[in-house]
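**Q** Here are the chains, one letter per residue:
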Amino acid sequence: EAQVTQNPRYLITVTGKKLTVTCSQNMNHEYMSWYRQDPGLGLRQIYYSMNVEVTDKGDVPEGYKVSRKEKRNFPLILESPSPNQTSLYFCASSSTGSGNSPLHFGNGTRLTVT
Amino acid sequence: GQQVMQIPQYQHVQEGEDFTTYCNSSTTLSNIQWYKQRPGGHPVFLIQLVKSGEVKKQKRLTFQFGEAKKNSSLHITATQTTDVGTYFCAVTSYNFNKFYFGSGTKLNVKP
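These protein sequence lines map, in sequence, to chains A and B. Each residue of the first sequence is one higher than the one before, counting from 3 in the working numbering. Each residue of the second sequence is one higher than the one before, counting from 785 in the working numbering.
Treat the hints as calculated values from the structure; they're not laboratory data. Treat the hints with care, as some may be off.
In silico DSBU-like links for lysine-lysine, alpha-carbon gap of 30 Å or less [what the hints assert, rightly or not]:
1. Lys73(A) with Lys841(B)
2. Lys882(B) with Lys67(A)
3. Lys67(A) with Lys854(B)
4. Lys73(A) with Lys882(B)
5. Lys59(A) with Lys882(B)
6. Lys890(B) with Lys854(B)
7. Lys59(A) with Lys820(B)
8. Lys835(B) with Lys59(A)
9. Lys882(B) with Lys20(A)
10. Lys59(A) with Lys853(B)
11. Lys59(A) with Lys890(B)
Cβ-to-Cβ under 7 Å is the rule here; a few derived chain A residues that face chain B [stated by the list, open to error]:
12. Gly44
13. Leu45
14. Gln47
15. Gly60
16. Pro104
17. Phe107
18. Asn109
19. Gly110
Here a beta-carbon is modelled for each residue, glycine too, at the ideal position from N, C-alpha and C.
Here chain B stands alone, though its shape is the one from the complex (with noise of 0.2 Å):
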């Protein structure tokens, strides 16, 4: 099936510092998703991305696609604790309604 590498898988981080979550395929993408999953909660969308070079942003969250659609990546300019959670991406493959999700970045900001 569809592969996605997503790194690190822990990430802590001071109040204030940035972050940022990397996920990887070795097959072309249609598009990408990104969800966050607060502790003890369900995953919620974020966003999605469809182009090549993309460039999305909320807030402090600036999402990207790369310019060959195999890999993206979620940063996160001075974190809050509001940040905190597991950020997952997740891609579909071209011919199947499967999803398929990265093994997820857990955040933790210490204040």
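Chain A with its partners taken away, still in its complex shape (with noise of 0.2 Å):
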């Protein structure tokens, strides 16, 4: 089945304590990227990557890395979390960036941070 990984679904976490959250795509598309979702924000796009070892920064990349050694894995890495990056995360594919093509998510990472 043709899918985005993410895990975990659910993170409860202290401040400062490095975390990585993982997301696999099985459909070798070209293009990934991490999202945010806070109430009444929408979503909003923190790094997308155009392709192995290519990647860039979105609307929001403060506080987060991203790596693409590999096609199928985008990991998202926060080296000190603080309180305000607790929301809800989606990891997101698609087969080419640009918009040409839709966007499959994952089922999501909420985030809690204290």
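Two chains, two separate frames, one set of hints: put the complex together.
**A** Rendered as structure tokens:
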């Protein structure tokens, strides 16, 4: 089944403790991206990747890192999480970038930083 | 960055009533996508509009792209409880592979 898999679904952590949210897709998609969803703000893009080893900042990249060492994986790293990063996070992939093909979203990761 | 305004923020309707959400941009868009997110779920792609004045239909859903490619609407005829969720529009800038989402319209349908 074609899908985007995110883990974990729920994560509670403390300020400053490094964490990684994994994202994997099995559709051989070139484009992958991360979003955070906050009430009233919709989805905001954090980082995106056009292909392996090619990543770039989205609208709200501060406090986040990503890597794209393999085509299928695109982990989101929070080196020193803070409470303002408490949010619902989605990973998404598409066959191409530039809005020319649909985004396929993972099931989301709800992160709480205390 | 690219700004896209979406209204209304919330809409409560009685089952059988119609519903419309609007997205507006101050700049010309290359295309626009629409997504639906059910409560507790993830956004799911509905449709993409590319051409000026384009109108597409999916059963009770009608999507329009403005003539100037600066606005778009999603209209649902005779809502059903299965239409409950948040509807988002999404746009990308011409020069960058960035996505910008509207703030969403949360639809509640009373049976």
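**Q** Now look at each hint and say whether the structure bears it out.
**A** Hint check:
The suggested pairing of lysine 73(A) with lysine 841(B) is violated, with an alpha-carbon distance near 35 Å, which exceeds 30 Å. With a CA separation close to 17 Å, the supplied pair lysine 882(B) and lysine 67(A) stays within the 30 Å bound. Distance check on the hinted pair: lysine 67(A) and lysine 854(B) sit about 33 Å apart at the alpha-carbon level, beyond 30 Å; violated. Pair hint lysine 73(A) plus lysine 882(B) holds up; C-alpha atoms about 19 Å apart against a cutoff of 30 Å.
Of the pairs offered as hints, the one joining lysine 59(A) and lysine 882(B) holds, with about 9 Å between alpha carbons and a cut-off of 30 Å not exceeded. Between lysine 890(B) and lysine 854(B) the alpha-carbon distance is near 22 Å, which keeps this suggested pair within the 30 Å criterion. Note on lysine 59(A) and lysine 820(B): the hinted pairing holds, with a Cα-Cα distance of about 25 Å set against a maximum of 30 Å. Restraint check: the Cα-Cα separation between lysine 835(B) and lysine 59(A) comes to about 29 Å, which is no more than 30 Å; the hinted pair holds.
Restraint check for lysine 882(B) and lysine 20(A): satisfied, since their Cα atoms lie roughly 26 Å apart, inside the 30 Å limit. A hinted pair counts as satisfied when its Cα atoms are at most 30 Å apart, and lysine 59(A) with lysine 853(B) qualifies at roughly 26 Å. A distance of roughly 28 Å separates the Cα atoms of lysine 59(A) and lysine 890(B); the hinted pair therefore holds under the 30 Å criterion. A least Cβ separation of about 4 Å between glycine 44(A) and chain B falls short of the 7 Å threshold, and the interface hint therefore holds.
Interface hint status for leucine 45(A): upheld, as the beta-carbon distance to the closest one in chain B is roughly 4 Å, under 7 Å. Given the 7 Å rule on beta carbons, the hint for glutamine 47(A) holds: about 5 Å separates it from the nearest Cβ of chain B. Hint status for glycine 60(A) relative to chain B: holds, with the closest Cβ pair at about 6 Å, below 7 Å. Of the supplied interface hints, the one on proline 104(A) holds, with its beta-carbon coming within about 4 Å of a beta-carbon of chain B, less than 7 Å.
Here the hint on phenylalanine 107(A) is kept, as its CB sits about 4 Å from the closest CB of chain B, short of 7 Å. A hinted interface residue such as asparagine 109(A) counts as satisfied when its beta carbon comes closer than 7 Å to some beta carbon of chain B; here the least separation is about 5 Å, so the hint holds. Because the closest C-beta pair between glycine 110(A) and chain B is about 5 Å apart, less than 7 Å, the hint holds.
When the structure is compared with the earlier hints, violations turn up for hints 1, 3 and for no others.
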